[in-house]
Amino acid sequence: GEDVEQSLFLSVREGDSSVINCTYTDSSSTYLYWYKQEPGAGLQLLTYIFSNMDMKQDQRLTVLLNKKDKHLSLRIADTQTGDSAIYFCALSRDDKIIFGKGTRLHILP
Amino acid sequence: DAGVIQSPRHEVTEMGQEVTLRCKPISGHNSLFWYRQTMMRGLELLIYFNNNVPIDDSGMPEDRFSAKMPNASFSTLKIQPSEPRDSAVYFCASSLGSGGAGGYTFGSGTRLTVV
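Respectively, the protein sequence lines represent chains A and D.
Following my numbering, the numbering of the first sequence begins with 1 at its first residue and continues without gaps.
Following my numbering, the numbering of the second sequence begins with 1 at its first residue and continues without gaps.
Hint data in this document are derived by calculation from the structure and do not stem from the laboratory.
Everything numeric in this text was worked out from a predicted model, so none of it was measured.
Think of the CB as a built atom: it goes at the ideal place given N, C-alpha and C, for glycine as much as any other residue.
Fair warning: there could be bad hints in the mix.
Pairwise CB distance ranges (calculated) [said to hold, decoys possible]:
no.	chain 1	residue 1	chain 2	residue 2	range
1	D	61	A	60	34 to 44 Å
2	D	100	A	21	18 to 28 Å
3	A	41	D	28	19 to 29 Å
4	A	21	D	70	39 to 49 Å
5	A	75	D	81	43 to 53 Å
6	A	58	D	113	17 to 27 Å
7	A	56	D	8	36 to 46 Å
8	D	61	A	82	34 to 44 Å
9	D	72	A	40	34 to 44 Å
10	D	27	A	60	44 to 54 Å
Here chain A is said to cover these stretches of chain D; the calculated rule only asks that three of the stretch's residues, wherever they fall, bring their Cβ under 8 Å from a Cβ of chain A [said to hold, decoys possible]:
no.	stretch
11	77-87
12	106-113
The shape of chain A in the complex, shown without the other chains (with noise of 0.2 Å):
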């Protein structure tokens, strides 16, 4: 299997909460990203979390981080028309970071 899986597609009602899942293989990294692409635009780092932390929260973003289960999530609180956009899970390895192909969120009104 890939070693960073995201579900492609998620549908949320403006306002609510999105939460979007990743799984991966590689209990080494150290660092594990959360980033957003904009239409037409390149990929933009949202948030990180190091790998001895559970969760991080920054204003409407929470990502935890489940080292046993090697899943991680970012959730999206009160879900606007802005945050519309493909989201990527990446992980650090070696000297590279590796990406998941991105979920689309779609924002319903």
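Given chain A's structure and the hints, the job is docking chain D onto it.
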């Protein structure tokens, strides 16, 4: 800092022509990465440099693709001859070392269309 700068933003070329994509990394970053993004294959790492030296080019699809980094502030990705299947968005990214907490900083990409 203006971020990672890529040019051109859009390129339309005919099959068989040579295409050169350009990238200026963030000043002080010593690692540079070239990616290709398509709907079918997602984000693919083509090649990366550390201190201007190519470290891993295993992602370069064919001999038609070549990349150079003549100095710390400039890199090119060349496709010669181009083919329709090369149509994609090509991203350049840079980082300090392997990224750490800062990760990679991406440019806005070059959308290449080969007709």
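Cross-check of the supplied hints:
At about 39 Å, the beta-carbon gap between residue 61(D) and residue 60(A) stays in the expected band of 34 to 44 Å. In this structure the hint that residue 100(D) and residue 21(A) lie 18 to 28 Å apart at CB holds, the actual value being about 24 Å. A C-beta distance of roughly 23 Å is found between residue 41(A) and residue 28(D), which places it inside the suggested range of 19 to 29 Å. About 42 Å separates the C-beta atoms of residue 21(A) and residue 70(D), a value consistent with the hinted range of 39 to 49 Å.
At about 47 Å, the beta-carbon gap between residue 75(A) and residue 81(D) stays in the expected band of 43 to 53 Å. Hint check: residue 58(A) to residue 113(D), Cβ distance near 37 Å, so the stated range 17 to 27 Å is violated. Checked against the hint of 36 to 46 Å, the C-beta distance between residue 56(A) and residue 8(D) comes to roughly 38 Å, which is consistent with it. A C-beta distance of roughly 35 Å is found between residue 61(D) and residue 82(A), which places it inside the suggested range of 34 to 44 Å.
A beta carbon spacing of about 28 Å between residue 72(D) and residue 40(A) contradicts the range 34 to 44 Å that was offered as a hint. Take residue 27(D) and residue 60(A): their Cβ atoms lie about 32 Å apart, and the range 44 to 54 Å is violated. Evaluation of the coverage hint for the stretch 77-87 of chain D: breached, as 0 residues show C-beta separations to chain A shorter than 8 Å, against a requirement of three. Interface restraint, the stretch 106-113 of chain D with chain A: holds (4 residues with C-beta to C-beta distance below 8 Å; minimum three).
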